[in-house]
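S.K.: Sequence:
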Amino acid sequence: DIDHLNLRVQKELVEWLNWLKADIGFDGWRFDFAKGYSADVAKIYIDRSEPSFAVAEIWTSLAYGGDGKPNLNQDQHRQELVNWVDKVGGKGPATTFDFTTKGILNVAVEGELWRLRGTDGKAPGMIEWWPAKAVTFVDNHHTGSTQHMWPFPSDRVMQGYAYILTHPGTPCIFYDHFFDWGLKEEIDRLVSVRTRHGIHSESKLQIIEADADLYLAEIDGKVIVKLGPRYDVGNLIPGGFKVAAHGNDYAVW
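For the sequence shown, UniProt numbering begins at 1 and goes up steadily by one.
One thing to keep in mind: the hints can contain errors.
Said to hold, decoys possible - Straight-line Cα separation of at most 16 Å, EDC-like style, residue types lysine to aspartate or glutamate; simulated pairs:
| no. | residue 1 | residue 2 |
| --- | --- | --- |
| 1 | K222 | E202 |
| 2 | K11 | D47 |
| 3 | K122 | D75 |
| 4 | K43 | D86 |
| 5 | K204 | E128 |
| 6 | K43 | D32 |
| 7 | K122 | D220 |
| 8 | K69 | E112 |
| 9 | K204 | D220 |
| 10 | K11 | E50 |
| 11 | K242 | E218 |
| 12 | K87 | D47 |
| 13 | K35 | E80 |
| 14 | K35 | D3 |
| 15 | K11 | D40 |
| 16 | K122 | D211 |
| 17 | K21 | D47 |
What the hints assert, rightly or not - Per label pair, the in silico range of CB-to-CB distance:
| no. | residue 1 | residue 2 | range |
| --- | --- | --- | --- |
| 18 | M149 | N18 | 30 to 38 Å |
| 19 | H141 | F53 | 17 to 25 Å |
| 20 | Q206 | N73 | 16 to 24 Å |
Please keep in mind that the hints were generated in silico from the structure rather than gathered at the bench. Just so it is clear, CB atoms sit at the ideal spot from N, CA and C, and this is done for glycine as well.
Could you put the whole structure together from the sequences, leaning on the hints where they help?
M.R.: Structure below.
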């Protein structure tokens with residue numbers, strides 16, 4: 001164990017971080033198992049090394065009901081993420097992985113897309129409360145890959161990317177999906193849509209529909225994304241929009 005309250009430990013770790021930044025070229029930090037030490041400690045390292053980006057892994061359990069599925073209201077869970085960023089310094093580079101969105105999305109794509117509209121009619125994850133500080137993801141080396149601790153449904157992974165790459169927050173692409181799963185071209189198309197239309201972490205999200213078999217949302221009035229097997233969406237797509245990317249149970253206009 002490392003005693004992060006020890007001044008010598010703090011000094012040497014700060015020196016190492018600054019060496020990584022100045023001599024090696026790293027410009028951002030990932031704080032592993034950030035719930036294992038105080039946010040005050042993370043603040044010390046961020047303030048004294050001044051990275052351009054920092055993201056924390058704060059993986060705690062969602063609130064679950066008797067059916068073993070996440071409750072619709074996950075306010076307490078996303079509040080934990082917001083509290084960490086606020087304590088570290090909301091005006092700085094600190095962000096957190098949006099585990100709230102990850103957990104809800106995991107279940108939603110299994111025929112429960114209504115979950116993507118929270119009790120207030122808005123996105124149920126951290127991306128609604130503090131999108132500039134939310135790093136969205138489908139899987140990582142813990143949840144997927146060889147550890148497989150909380151994997152996204154493998155046949156619906158691209159629905160996950162269609163969601164995070166069109167929505168607010170800062171999306172993070174998993175190496176395995178991009179390089180090992182043969183999904184590079186599909187993911188690239190979604191990245192191109194996001195880039196071309198200037199979708200960013202604080203883009204405006206309007207949820208048009210959220211049913212069991214259909215999720216439809218408009219972002220910044222420029223992009224529309226559909227998840228789910230329902231093919232006929234009636235007149236929900238405004239005129240002038242053209243399909244820019246599509247795949248198994250998802251489409252982006």
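S.K.: Each of the hints needs a verdict: does it hold here or not?
M.R.: Checked hints:
1. For the suggested pair K222 and E202, the alpha carbons sit about 14 Å apart, so the restraint of at most 16 Å is met.
2. Between the alpha carbons of K11 and D47 the distance comes to roughly 12 Å, so the proposed pair stays at or under 16 Å and holds.
3. For the hint linking K122 to D75, the alpha-carbon distance of about 12 Å falls within 16 Å, and the restraint holds.
4. Distance restraint check for K43 and D86: the Cα-Cα separation of roughly 10 Å lies within the 16 Å cut-off, and the hinted pair is therefore satisfied.
5. Restraint check for K204 and E128: the C-alpha separation of about 10 Å stays at or below 16 Å, so the hint holds.
6. Between K43 and D32, the direct Cα distance comes to roughly 14 Å. Compliance with the 16 Å bound is thereby established for this hinted pair.
7. The straight-line distance between the Cα atoms of K122 and D220 is roughly 15 Å, inside the 16 Å bound, and the hint therefore holds.
8. This hinted pair checks out: K69 and E112 have alpha carbons roughly 11 Å apart, not beyond 16 Å.
9. A threshold of 16 Å between alpha carbons decides the hint, and for K204 with D220 the separation of about 5 Å falls inside it, so the pair holds.
10. The straight-line distance between the Cα atoms of K11 and E50 is roughly 14 Å, inside the 16 Å bound, and the hint therefore holds.
11. Between K242 and E218 the CA atoms are separated by roughly 13 Å; this keeps the pair inside 16 Å, and the hint holds.
12. For the given pair, K87 sits about 12 Å from D47 by alpha-carbon distance, which is consistent with the 16 Å threshold.
13. A distance of roughly 10 Å separates the Cα atoms of K35 and E80; the hinted pair therefore holds under the 16 Å criterion.
14. The hinted pair formed by K35 and D3 meets the criterion: a straight-line CA distance of about 15 Å does not exceed 16 Å.
15. The suggested pairing of K11 with D40 holds, with an alpha-carbon distance near 15 Å, which does not exceed 16 Å.
16. Taking the CA atoms of K122 and D211, the gap is about 14 Å. The hint holds against a cut of 16 Å.
17. The hinted pair formed by K21 and D47 meets the criterion: a straight-line CA distance of about 14 Å does not exceed 16 Å.
18. Between M149 and N18 the Cβ separation comes to about 33 Å, which falls inside the hinted range of 30 to 38 Å.
19. Range check, H141 to F53: Cβ separation about 19 Å, and the 17 to 25 Å hint holds.
20. The beta-carbon spacing between Q206 and N73, approximately 21 Å, falls within the hinted interval of 16 to 24 Å.
Violated hints for the displayed structure: none, as all numbered hints are satisfied.
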